[in-house]
Structures are given as structure tokens and as C-alpha cells.
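Under full-length UniProt numbering, the residue at position 276 of the sequence shown is numbered 276, and the numbers go up by one with no gaps.
These aren't lab readings, by the way, just hints derived from the structure by calculation. We treat Cβ as the ideally placed atom computed from N, Cα and C, and that holds for glycine. Some hints could be false.
[Stated by the list, open to error] Under the rule of at most 25 Å between Cα atoms (straight-line distance), these lysine-lysine pairs were calculated in the DSS-like manner: (1) K329 - K348; (2) K337 - K374; (3) K329 - K378.
[What the hints assert, rightly or not] The following label-pair restraints were derived from C-beta to C-beta distances: (4) P222 - P386: 20 to 30 Å; (5) L215 - Y170: 39 to 49 Å; (6) W171 - R308: 37 to 47 Å.
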Amino acid sequence: LFDSLSFFTSILLQQLNAQTKCSHISHIYSIGRSTEGRDLLVIEFTNNPGQHELLEPEIKLVGNMHGNEVLGRQLLIYLAQYLCSEYILGNQRIQTIINTTRIHILASMNPDGYELAASEGHLLNGWTNGRTNAQNIDLNRNFPDLTSVLYRNRRSRHYRTDHIPIPDAYWFGKVAPETYAVMKWVRSLPFVQSASLHGGDLVISYPFDYSRHPLEERMFSPTPDEQVFKQLARTYADAHATMSNNDTERCGASFYRTRGIINGALWYSFAGGMSDFNYLHTNCLEITVELGCDKFPSEAELYPEWKRNKEALLSFLESVHRGIKGIVKDGNGNGIKDATISIRGVRKDVTTAEDGDYWRLLNPGTHIVTATAKGYSKVSKRVYLPHTMSKAGRVDFVLQKVCLQSPAVPSVPPSFKYYLLPHLCSNIFTHVLHPGSRGARY
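Taking the hints into account, I'd like the entire structure generated from these sequences.
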């Protein structure tokens, strides 16, 4: 296949082949074009392709961000083919994954870099040829550096670690079309969880990737979701054939003490990474999967690597159903968009999607969960998640409209202070404005 087809065409044909067989559960779309005009193709798997379903979590897998790190690209193509064929064959596990999850697979984020690396082949390709895009931009250093914004703002009492806006200054630099396409993509869908597949080592790293001290190249720099990230990383590493084994031969770095996972900034610090951007700008938690020492393995090694990673990939897809999910509605039963879900003791909020549904990855234990929205009352609930949980707990909220005093409405007399319930606001204001009217009794 590598010798007989253009490399970009091969990925296109393999994805189209998967969709042709499984058109009822898959859909191919482009999120944009590369510098040289190649489509950034995503294949989606779900039981209702093409649209978001209420309470169904969305997960993405991104490969080949560095064009010369080719194993992730091929593993994701294998995964797409496997999901398709096993669903048709009646594999109950695969059918459950696809029927309850919306999966998005971007096999190659950097097709231009891949074309360059693949034209040299695995024997001649160096350590860096094809790593960058056609503009010589490292895509994993090209995202907005929101981590520095966070560190600067930490002196403020009410600093945020979620949905941090992109600084205006970012747009004055060179933004790669591939980076921009992914940024639009992650803003357009309510992704819950993500993995970016790389090569060059055998380890799972997780945010923050940028050190909390700019002069420290290796410094433990946790997010508020440190324990959740560790569990996500552990899910992949433990299900991998060798990644968490103490006796596994590594690629120069020593990860045996942490069983194949590490905080990104503790490994090596860099700014402008995709995982930090996902965490600080959206609801999405993303890990980085380093698949092995060889960035460009031979064709003969690809299928054995798939066998080593298959269970890890499937387990990671299933892990998106961990924690809680629910719908935030108003008193009339309508979903509230952009309501905030907060966890006591965790300085990281998530927001609801278009129809008011949300997902919050959480580890087992007791959590105080609060839902808030502008113009509505605040509601808190105590939630217990058992260690044996196999699916997300359902936690819904109903928020009542808050009675906000309008400048055009006179002050409410003291005699009404015990009656300011949200559903009585309109009757009270009518009574205040028209004292003689025969309104409803309170």
C-alpha cells in the first residue's frame, strides 16, 4: 500500500471503504485543509451519524500531528476498520461503544508533513523530517499559550482555569491552517475526552505540558483534574500490552517508577501545546499517547503494533462513560445552554451543550456538584460514585428563574419580601404596578 498509492490518497480510500460498509454508523467530513490543500479528514462513528445526540458523549482521537510520527495514523485507520467490521459482525462490545458514544477519528492532522516523511520511507527518514507542516511550523507548539495566561492570573482571587479566552495577540503570530482547523473543530462540538497519538517514546503524558515556572524545564505542574488525568492515562497504559510493565525497554527516559505515565511538564516543558489548549479553552480532557521509540516503523511492524494497542484504544473509548452526565433545564423543561457545572474543591468547570446536556469526568468518591446559569437560581447536589461504576451517573438539575428587579419597576414593598419566589415574579410585579387589580392570591 505504501509503495502503490500516494500516501494521502491511501488514507482517504481506507476511510471511504470503512464508511461504504458502515454508512449507517459512520460519516466522513473535513475540518479544513492543510497548507498544501489536503483535506483534514475525520471519520465519525455513532448510531446516528452527523448529529449530536442528547447525553451521548463525544470523544476524539488525533493522529500524525507530527508528520513523521506515523504509527498513530495507521493505528487509527485500523481502529476505524475494526469498529466497522466488528459492528457488522455483531460484536456486542463494539456495538455498545458505538451505540452510546460519538467517536471522531482524525487519522492525520499533518498530511503535508506525512507526505514528506513517507516519500523518504522508514529507512531513510530522519528524526525530524516531516515533523512540521509545510510552513515549517511545529503544530504542537502553535496553539494559544493559555497556560501562561493561567499562571499570570493565579495571583487574582477569582482566576479561571476553564474557558480562558484566546488572547488577541495570538492572532498576530503565524497560525497554521491545520492548527486553526482543529481549534474551530474543538469549539464546534462538546468534546469530553481526547487522545493525541505520537511516537518517539513509550509513555502517556497528561497536562499541564508547560511548567508553572518558566525557567524550569522539568517541573511537576498539575491541573485541578490531576487525579482524573492520572486515571485516564492509567486506563490506556494498563490496557497496553507493555507500556506499564516495569521490565519494558524504554527509549532513553525512565518511566518504570510511574508505570508508563507522567505529567507532561515533569517530563519536559513546552508552551503552545494542543492538550493544554483543550483543557483551558474547552470542556475536553486530552492525553498524549507516545506509542513507541520508532517514529516511522516498517510496514511489517504496523499490524503487531495494532495488536499491542487495540485493547488500550477500546478501553480509552469506554472510559468516556466515567463520572456524571445530565441535563440542566429551566422550570418549563427547556434545556439551558452554557450553564456551568462545578465540583467543590476542583477549580475547573464545564459548561452545558446546546440542549443543556453535560458530561463531567470524575473518579469514584463523593462529590458536591453545583449547576448555575445567568438569571437562574443555583442548585447543588451531593453525588456518590462507587468504585465499581461501569457507566456515568445521571445527575439532572432544574434551575428556576431568578426574580431580577428591572429599573422600570418600583421597589417591592417590605410586605412582599417573603413571597419573592421565581415563579411568582410576574404576579408580584403586576400587583406592585397596579395595586387595584385583582391578581392571583399568594
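Earlier hints that do not hold, by number: 5
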